[in-house]
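Asks: Chain by chain, the residues:
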Amino acid sequence: MTTGAARQEIATERPARIAFAAGALGLAFSLLGAFFDRVQFFQSYLVAYIFWLAIPLGSLAILMLHHLVGGAWGWVIRRLLEAATRTLPLIALLFVPLFFGLQALYPWARPELVAGDPVLQHKANYLNVPFFVVRAIFYLALWGGIAYFLNRWSRQQDDVAEISAGKRLRRLSGPGLLLYFLTMSFAAIDWIMSIDAHWFSTIYGALWIVNQGLTGFAFAIAGLCWLENKQPLAGLVRQDHFHDLGNLLLAFVMLWAYMAFSQYLIIWSGNLAEEIPWYITRNTGHWRWIPPVLIIFHFFLPFFLLLLRDVKRNSGTLLWVALGVLAMRLIDTFWLIVPGFEATAGHPLHWLDLALIVGIGGVWLGTFLWQLDKLPMLPLQAPLVAEESAAHG
Amino acid sequence: MTEPVIDKPTASATHDVIGPGHTFGSVTDKISVIVLTQKTPQGWWIGFGLSFLLVMVLFYAITYLLAAGVGIWGVNVPVAWGFAIVNFVWWIGIGHAGTLISAILLLLRQRWRTSINRFAEAMTLFAVACAGIFPLIHLGRPWFFYWLFPYPNPMGIWPQFRSPLVWDVFAVSTYATVSLLFWYIGLIPDLATLRDRARHRFARMAYGILAMGWRGSAIHWHRYETAYLLLAGLATPLVVSVHTIVSFDFAVGIVPGWHSTIFPPYFVAGAIYSGFAMVMTLAIPLRAAYRLQDLITMRHLDNMAKVLLTTGLIVAYGYLMETFFAWYSGNEFEMYMMANRLAGPYAPMYWALLFCNIIVPQVLWFPRLRAHVPLLFIVALIVNIGMWLERYIIVVTSLHRDFLPSSWGMYSGTIWDWATFVGTIGLFLALLFLFIRLLPMISIFEMRELVHTEESERN
Numbered sequence: 001m002t003t004g005a006a007r008q009e010i011a012t013e014r015p016a017r018i019a020f021a022a023g024a025l026g027l028a029f030s031l032l033g034a035f036f037d038r039v040q041f042f043q044s045y046l047v048a049y050i051f052w053l054a055i056p057l058g059s060l061a062i063l064m065l066h067h068l069v070g071g072a073w074g075w076v077i078r079r080l081l082e083a084a085t086r087t088l089p090l091i092a093l094l095f096v097p098l099f100f101g102l103q104a105l106y107p108w109a110r111p112e113l114v115a116g117d118p119v120l121q122h123k124a125n126y127l128n129v130p131f132f133v134v135r136a137i138f139y140l141a142l143w144g145g146i147a148y149f150l151n152r153w154s155r156q157q158d159d160v161a162e163i164s165a166g167k168r169l170r171r172l173s174g175p176g177l178l179l180y181f182l183t184m185s186f187a188a189i190d191w192i193m194s195i196d197a198h199w200f201s202t203i204y205g206a207l208w209i210v211n212q213g214l215t216g217f218a219f220a221i222a223g224l225c226w227l228e229n230k231q232p233l234a235g236l237v238r239q240d241h242f243h244d245l246g247n248l249l250l251a252f253v254m255l256w257a258y259m260a261f262s263q264y265l266i267i268w269s270g271n272l273a274e275e276i277p278w279y280i281t282r283n284t285g286h287w288r289w290i291p292p293v294l295i296i297f298h299f300f301l302p303f304f305l306l307l308l309r310d311v312k313r314n315s316g317t318l319l320w321v322a323l324g325v326l327a328m329r330l331i332d333t334f335w336l337i338v339p340g341f342e343a344t345a346g347h348p349l350h351w352l353d354l355a356l357i358v359g360i361g362g363v364w365l366g367t368f369l370w371q372l373d374k375l376p377m378l379p380l381q382a383p384l385v386a387e388e389s390a391a392h393g
Numbered sequence: 001m002t003e004p005v006i007d008k009p010t011a012s013a014t015h016d017v018i019g020p021g022h023t024f025g026s027v028t029d030k031i032s033v034i035v036l037t038q039k040t041p042q043g044w045w046i047g048f049g050l051s052f053l054l055v056m057v058l059f060y061a062i063t064y065l066l067a068a069g070v071g072i073w074g075v076n077v078p079v080a081w082g083f084a085i086v087n088f089v090w091w092i093g094i095g096h097a098g099t100l101i102s103a104i105l106l107l108l109r110q111r112w113r114t115s116i117n118r119f120a121e122a123m124t125l126f127a128v129a130c131a132g133i134f135p136l137i138h139l140g141r142p143w144f145f146y147w148l149f150p151y152p153n154p155m156g157i158w159p160q161f162r163s164p165l166v167w168d169v170f171a172v173s174t175y176a177t178v179s180l181l182f183w184y185i186g187l188i189p190d191l192a193t194l195r196d197r198a199r200h201r202f203a204r205m206a207y208g209i210l211a212m213g214w215r216g217s218a219i220h221w222h223r224y225e226t227a228y229l230l231l232a233g234l235a236t237p238l239v240v241s242v243h244t245i246v247s248f249d250f251a252v253g254i255v256p257g258w259h260s261t262i263f264p265p266y267f268v269a270g271a272i273y274s275g276f277a278m279v280m281t282l283a284i285p286l287r288a289a290y291r292l293q294d295l296i297t298m299r300h301l302d303n304m305a306k307v308l309l310t311t312g313l314i315v316a317y318g319y320l321m322e323t324f325f326a327w328y329s330g331n332e333f334e335m336y337m338m339a340n341r342l343a344g345p346y347a348p349m350y351w352a353l354l355f356c357n358i359i360v361p362q363v364l365w366f367p368r369l370r371a372h373v374p375l376l377f378i379v380a381l382i383v384n385i386g387m388w389l390e391r392y393i394i395v396v397t398s399l400h401r402d403f404l405p406s407s408w409g410m411y412s413g414t415i416w417d418w419a420t421f422v423g424t425i426g427l428f429l430a431l432l433f434l435f436i437r438l439l440p441m442i443s444i445f446e447m448r449e450l451v452h453t454e455e456s457e458r459n
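So the protein sequences, as listed, match chains A and B. Using our numbering, the letters of the first sequence map in sequence onto residues 1 to 393. Using our numbering, the letters of the second sequence map in sequence onto residues 1 to 459.
Simulated from the structure, these hints should not be mistaken for lab results.
What follows is a set of in silico ranges between Cβ atoms, one per label pair, in the way DEER data are often shown:
no., chain 1, residue 1, chain 2, residue 2, range
1, B, F403, A, I296, 39 to 47 Å
2, B, M335, A, L113, 15 to 23 Å
3, A, D310, B, F403, 52 to 60 Å
4, A, I163, B, R204, 52 to 60 Å
Calculated Cβ distances over 10 Å to all of chain B for the following chain A residues:
no., residue
5, A11
6, L32
7, I50
8, G116
9, F132
10, A136
11, D158
12, I295
13, L378
Positions of the beta carbon are idealized from the N, C-alpha and C atoms, including for glycine.
Just chain A, same shape as in the assembly (with noise of 0.2 Å):
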């Protein structure tokens, strides 16, 4: 790497040291908190993790779509999303927290409620304690073990002799997806959607992988951005590759909206005693604000941006695109969970919501700060733009 242009080579000691002051300013807080409201401390914990762990494993997912079909989008954003699925390992810790508050999520966890519930006590086989922590267990190692093995042949592609990683890689990555598939959506039927124990929609799991796909593809977009002219990177990242970036993520807008509209067309439409109490509680009170937030800035404001060419094409414009999508997934995440709180304790919104998306957050991005400087940001096999550069000038 040259060191003559180190103005503009990436720093990101500097942002990480940041991320990781905030982080744990938010978690001090945040323990504060937890003495005086145990119950909200563990709700906003669950909100801020769920929306954080969309990131590592929307890029987890993203990574083996993009060993699979290939394409040059994804050479460029290749080490963003192997930095975040490498914060895995932090991602499970982050998870134990959570075992000890689940009678403060959950109401199947709590022996008092499920006794004078027969649909809970039917539950009961799958949505116990001992059960989901095995569960939990098992996916989260799940989730390590792809990411690691992903990781560790994508270094070994770095060298030239090694043809085979290429190879590993591919044959990976199609039961790698398969089983994500499969554990995320259990993982959402386990940790969101039994929050409103009662309730059940068989497109959940899908939606809850859309949304991962989804805030993986914005979080990598405005990671690119960012890093574009920065050294290694500088001159090799075109706009065309901000242009298919910029496709697949309105791809993932139209596929959000899609399911989302979907499963609340086919409940409104069934208006069924046992679904639509979960969409009565998030169209009404003070909950009523978010869908149609939800509906122009989830999805009609960035559909309409992302139909333009020059906003695709334009990394400035397209990394508030992304920005502005990752922040609707904060919303519509927090709107997916929380009413579900209502019932038992929780508040709509907390100063200890905060806390925690800025302390699980802060110590996450710090991580995946000092994780993307670990491998050159881009794979040195990567089939290169320069042919390519040449001929569209």
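Based on the hints, put chain B in the right spot on chain A.
Replies: For chain B alone, kept in the frame of chain A given last:
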């Protein structure tokens, strides 16, 4: 046009999208000769003759239906939706592969679509034609079918806009229109080639009229490319919307087994799944019969097999979620629905469908097996059957055990149900035989483009 895929997947680099040694002339000759000068092969006459016989069966069945009414079918309360809906969904689903190949793969700049898009699009049209027959003849008085459209009328009758059956009318008619336009516009440059090469006066005139004065000037090409791309953009949402609305036909109701939120994506995946199975069922014999192995190459079959595997896995995911949530819901009716599928009177069909749609396609994980053409053909055929069974299970098992045991019943198709179904297969095949005899089944000019790009890449 920029080329986004800069890394070549090594697995497919072993096969090209076009055989070696082809030039502009050889491609044009090879495809147009099938239509223009080759003597009609005997196999064609036999195949067309047999399909035509089945068309006659269809006409006979429909005529009798019009005379006697839907009572000749097996439908009755509680199973008032029988073969007609099963076949409608099956045929509509088959059409989706054509649109996916021609629109989405075009937008994704997948070059391997080129030699299979034309007949896949034709397949779409014919499948939609077959599908359209069923809801129409299922109406008690099919001659009033136009009442389905919202038009101002002296009776003051309007369709129920909240019913997905009305959305179907719009979805399917839009789909048919766009598919037809897309197919026809894609044909125009080739029709001009045929016009210029035809010897027979009548053929020259017929192709000439259809070619709409195409001269191949730069302006023509410019407008053509714009129109084609726009249509591809228009057709893309249709790949998803049509079968989504078909899934709403079931899911917005509250019948256990139908009212399931996974239905929209799972139906779309199922549609693409069955569509690709049908494309393979047709492409494999066609390339053998007309010796098109260097135009429809192993790379095409390999890619189609991968699409088949992927969509098959999504469908399997749908089954899994349905089964799990039937239990998880704790709802007595949901649980009974699933128990009835697994062990009720239609259980053999349910297990057969799981075998056809989930077990069998797993062989496609292995590259060596994907290279085995007869095996691919058999897998594709089995998937076609499996997807028909899936719709049968969804329609029949959900209805035949009503909420009240007093209104339970059994359903099976009568001879007229079967005659109509087999008749539409005949119609589909007959139209397809006519198509491969009268029109170029592979896009000639796109293959020329492919020769050009492949050549420039080799140099």
